[in-house]
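Whenever a hint applies, use it, and build me the whole structure from the sequences.
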Amino acid sequence: MATKSIKTEYLKGLWKENPVFRQLLGLCPTLAVTGTVITGIAMGLATTFVLIFSSLVVASIKKLIPAQVRIATYIVIIASFVTIADQFLKAFFYPISEALGPYVPLIVVNCIILGRQEAFSSRNSVGRSLIDALGMSTGFILALLALSTFREILGAGTFLGYQVMGSWFKPWLIMILPAGAFITLGILLGTALVIERKTKRS
Amino acid sequence: MSLSMRMIVVLSAIGLISGGFLTGVAKLTREKIALNIQAEIEEAINEVVDNAEINTIIFEEEDLTIYKESDDTGQLAGYAVQATGVGFQDKITLIFGLDKTVTRITGMSIINQKETPGLGAKITDWDTFLQFWEDRDATGPLTLRKPAAGKPEELLPSEINTITAATISSRKVLEIVNLSLERMRNLINEGTILREPKDGN
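Protein sequence lines correspond, in order, to chains A and B.
Under the working numbering, the first residue of the first sequence carries the number 1, and numbering increases by one thereafter.
Under the working numbering, the first residue of the second sequence carries the number 1, and numbering increases by one thereafter.
Just so you know, these hints were derived from the structure itself, not from any lab.
Predicted, not measured: the structure shown is a model, and the values here were computed from it.
Not one of these hints is a red herring.
Below, a list of computed lysine to any residue pairs in the SDA-like style, where the Cα atoms sit at most 20 angstroms apart:
{"no.": "1", "chain 1": "A", "residue 1": "K62", "chain 2": "A", "residue 2": "I52"}
{"no.": "2", "chain 1": "A", "residue 1": "K63", "chain 2": "A", "residue 2": "V126"}
{"no.": "3", "chain 1": "A", "residue 1": "K170", "chain 2": "B", "residue 2": "D127"}
{"no.": "4", "chain 1": "A", "residue 1": "K12", "chain 2": "A", "residue 2": "L189"}
{"no.": "5", "chain 1": "A", "residue 1": "K62", "chain 2": "B", "residue 2": "S2"}
{"no.": "6", "chain 1": "A", "residue 1": "K63", "chain 2": "B", "residue 2": "R6"}
{"no.": "7", "chain 1": "B", "residue 1": "K27", "chain 2": "A", "residue 2": "Q87"}
{"no.": "8", "chain 1": "A", "residue 1": "K12", "chain 2": "A", "residue 2": "T138"}
{"no.": "9", "chain 1": "A", "residue 1": "K62", "chain 2": "B", "residue 2": "S12"}
{"no.": "10", "chain 1": "A", "residue 1": "K90", "chain 2": "B", "residue 2": "A26"}
{"no.": "11", "chain 1": "A", "residue 1": "K90", "chain 2": "B", "residue 2": "L35"}
{"no.": "12", "chain 1": "B", "residue 1": "K32", "chain 2": "A", "residue 2": "Y94"}
{"no.": "13", "chain 1": "A", "residue 1": "K63", "chain 2": "B", "residue 2": "M7"}
{"no.": "14", "chain 1": "B", "residue 1": "K114", "chain 2": "A", "residue 2": "L31"}
{"no.": "15", "chain 1": "A", "residue 1": "K90", "chain 2": "B", "residue 2": "I37"}
{"no.": "16", "chain 1": "B", "residue 1": "K32", "chain 2": "A", "residue 2": "E98"}
Shown next, in the form of structure tokens:
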């Protein structure tokens, strides 16, 4: 396998292989918790923690895992880190944990994490898996940040809870409802495609 | 080692390590999580019962907990009722306060809800909903005022305000309160919980 430079390995998660905009993975939390920026960031960080540690463990013990039970093993490893993230949020960031509700335990089934274990960590070194996990997590956080910023500003007139729109602004209720999540994701995916095509042409 | 044996050993080992690790994490966080939940309840009680310093549970079952509230001198300050019921989307857990004689609702606080953002979720909003719960009559069932009133003074003592475009969520909260109040009155009549004598204060 041709090895990429560490920089390329990291940067691919941000744009070229962005988990949300390019691979369309992890869309359930992307749609569900981006009504406000703070819940979007919290979900991004919780997923980052799980992705990094799962990748480190899987890359470290990949030779010990028989191929027939690899998915079951990955899920046990991922579920353990998700439970730790969930307990940590409940203990130290209780209001955020309440706001994220069932979506923290649901990180277990976030395809970004299982996908990276199957496609990357199980075939690469610990160091490269860490860089890949960091890049994918950053890409995921950026996607959540883009969606939640758009939705919170238009849906509530605020950013991180602070009023940013004047008193003339009437919040667009639809943006904080599920329909707003789909509309925003559609617009952002379309924009990403346009940018991709333009950069390819030039 | 045969392949099947290797599969069993690897999965069991990972399961055991993971289980052991999670037991440790649960032990470390359990106390803090319990404190967070307790703090949330105490904060809600302070919002709905004036001078509530000491909380004593006088009745507890799955969806209903009744607290007797005392001030810092030990004098009865009122009661707080924590109740859970079905909302529009999911369960709603709330706490409302009652005066010493269990005849008046003194306030309402929503602890947990997953109603529609921007619509039903306004049950947590002071201006739209919660302020209309102060000073309500608790001697009989409460009713919903629809169309919504603009100010609390426009309501009858036995009425609560509807949230415009979220009638079901408003009604669900009302149902939870009416059911809890009825249950509480029955408990008082049965002598399961004691009502303090009217002292005129």
